[in-house]
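Visitor: With the hints as constraints, model all of the structure from the sequences given.
Number of protein chains: 2
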Amino acid sequence: MGEKIQRLPGFRDFFPEDCAVRNYVFGKWREISRIYGFHEYDGPILEPTDLYKKKSGDEILGQLFHFDDKGERGVAMRPELTPTLARMAAARHRDYKKPLRWFGIGQFFRYEKPQKGRTREFYQLNADILGEESKEADAELIAFAIDLMLALGFNKEDFIIRLSDREAWLDFMRQESIDSSSQEYFLQTIDKIEREKDEITNEALVKIGTTRGAVQNFIDSAAESKHFSSVINNLQARGLSDYVKVDLNVVRGLAYYTGTVFEVFDTNRNMRAIAGGGRYDRLCSLISDGTADIPACGFAMGDVVITDLIKQTKSANSKLLNYLGTEDSSDAYIIIADENHRNDALSIVQLLRNNGYRVSYPLTPTKVGKQFGNAENLKSRTAVIIGSEYPKIKVKDLIQREEIEIETDQILKFIKSIKNTPPEGPLLAE
Amino acid sequence: MGEKIQRLPGFRDFFPEDCAVRNYVFGKWREISRIYGFHEYDGPILEPTDLYKKKSGDEILGQLFHFDDKGERGVAMRPELTPTLARMAAARHRDYKKPLRWFGIGQFFRYEKPQKGRTREFYQLNADILGEESKEADAELIAFAIDLMLALGFNKEDFIIRLSDREAWLDFMRQESIDSSSQEYFLQTIDKIEREKDEITNEALVKIGTTRGAVQNFIDSAAESKHFSSVINNLQARGLSDYVKVDLNVVRGLAYYTGTVFEVFDTNRNMRAIAGGGRYDRLCSLISDGTADIPACGFAMGDVVITDLIKQTKSANSKLLNYLGTEDSSDAYIIIADENHRNDALSIVQLLRNNGYRVSYPLTPTKVGKQFGNAENLKSRTAVIIGSEYPKIKVKDLIQREEIEIETDQILKFIKSIKNTPPEGPLLAE
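Chains as they are written, first to last, in the numbering used here: chain A, 18 to 447; chain B, 18 to 447.
Simulated from the structure, these hints should not be mistaken for lab results. Be aware that one or more of the hints could be misleading.
It does not matter which identical chain is meant; a pair holds if it fits inside one copy or across any two.
[What the hints assert, rightly or not] The calculated lysine-lysine pairs, modelled on DSS-like cross-linking and capped at a C-alpha distance of 25 Å, are:
| id | residue 1 | residue 2 |
| --- | --- | --- |
| 1 | K214 | K224 |
| 2 | K396 | K430 |
| 3 | K114 | K387 |
| 4 | K130 | K328 |
| 5 | K396 | K115 |
| 6 | K70 | K87 |
| 7 | K262 | K173 |
| 8 | K436 | K387 |
| 9 | K409 | K436 |
| 10 | K87 | K71 |
| 11 | K21 | K114 |
| 12 | K21 | K87 |
| 13 | K70 | K21 |
| 14 | K133 | K336 |
| 15 | K387 | K409 |
| 16 | K72 | K21 |
| 17 | K133 | K87 |
| 18 | K114 | K384 |
| 19 | K21 | K71 |
Guide: Here it is, written out as structure tokens:
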């Protein structure tokens, strides 16, 4: 016989109660994307491995689900969307008015050790503006990220946007006469600065001609930097600047960022990044071998960390629970109290469904008491009772606990009136 | 440098106009699933290869994207959802009231030669009822499939449900004294009967003790079969029986079906199956090594064939076009006619977005004429013009072609009134 087959480590099953949470997050991602005028796109889950090597070098292979397909192509399950976006934009950007505002919601795969908050697959919102080099686009994305957090039910004390700029660090390198060939080494050292002991960071910095102290002075004076004034001013005009602080500690690991970088930071729980992004003006050109030189900026938010945080944060969780409470409710459960009228019941099921109502009924003969139990389990607003009095039928409002008898041809009107009556509203009969 | 990287053969990019079509189909799938009281679930895109081998034998490997992961597990990108469903249901079915009505919308992968209507990845709706052995559940799923086709805008002349039953063919085998060890061979022969020459089918059948003629007589007498009366009666009660015809030619290739099988058949275009399914009472037990013996039935519809058919069918296509026409429209485009008031414009952008309106604006200084062009490109219902008269602003209904001047604090009221005015409706001013 063999063993019972289990799902793979680091992968998730979405049972209906999990899938509803996932869909709630997707719904909020789509809602704010729509308000901000973004259009949804998607690409393949499987791409040529070269697409990722080109962007990130061979080291990326260690984190990829990659293999040779039956056609001997090196293929990889996508670890992120940006290389696909760059490939798609390079191929067709002339067909669209710039700037492009595109968002995608999709699944991504990384072969990492599974642990809390880190799975081998995850969903991510990606929102990008292509074809606009001004920092006004960066500000628009930061505003998007803030409004998304607010729409999810987070408050000002729950998160902060940490705003940084790679150009500021390039200024510092020039000021300290650090050779430009050390740029990646330097930025990687800064990227680790908050997690690393000062002495170790200092050792690393001394090698290229600067010190931990010089770096700290630069971080402390960041608020005066010219690189942030236009973004801050823009967000101020929207009333959103209180959600942002300049923080040069943020570099964002990925090699391709060229200017503004930012992250949405969880201030009171786990002190971690919830989302992040920035400007990557040279990636489209790199992916397209110079045929499409498109300035771009974007950010991404994964589903795993944000879902954890929603569940841990009272105001956000109550929004989620509110959604879950209505999402799986039904409009009517048809109770067949007399099996001789099963066909009549089916015709009513069909009539209500044709009018867009969510309806269930017992597929096979079932005791009436159990049918009422089913109606409650399915969170049905009403029970429609088909019995020997047919074509007279009873309609019971399962929240108001009221029952009336009506003629069959009145059923649509009553289901509609009950659906539109709030649970705490006026009595059913007019 | 190297070559420009292309997407893999048989995979699709979803540019915004393609993604909108995809989302329209997903929306209809969700709408009817909801009305029928189904709950959404999903499983991993990557599963142990054994899950598919167990269900379909080693032959399945030829059609899979499968490989060994870094942990030396045999893994496969899912070619279908049913084995995952069986695995999930076997693991947790006791946590849910039966019958389960579950649906999933996900992506699937098959390594096949790409050709028209056949890609290497596709999306599929899967709708299944678990824990109910009666044919009433089969009828419920067939009604679901019919209502889905109608919701997509197809009419009675566009499609038919071909209804069959493997039990009927088992009756035939007994009647003809065909050994039960030949069952799979026999059903596969019937499965090919419409595509194969009669002589070849006859040769194949003679080997196991029957003939093409005997099979045809049985097919011709199918309407009288006892196996269909309850399903037909059920659909008749819903007013849906005209969409169904009994047709024993349908077997559905997959080995795991045990009773009712059916397909949604394209009657006037390409004479092909658009969707199909049936009863598979032994699969959960097989996948769980006998620990969960759950009767089940379900059906699936892929996105590729249905999307082709929608585009080829006038009534269905006009519903799609109607959706596309509103889906990407905007509520307001903010025209910045005087750059001194850019910050004021940003505050209005924010105000409108906070109230759920979809708003764009020029990220950088742009000529006013070009801004009006942008507003039209984005299918914006209104233009809000911020100029030197600020805090007086102009609001222009871009469909009615009317413009009025208002105070800034009136803006919300006006955007709302215009949004609620149909394009052919009464004039803007109260």
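Visitor: Need the list of violated hint numbers for this structure, in ascending order.
Guide: none
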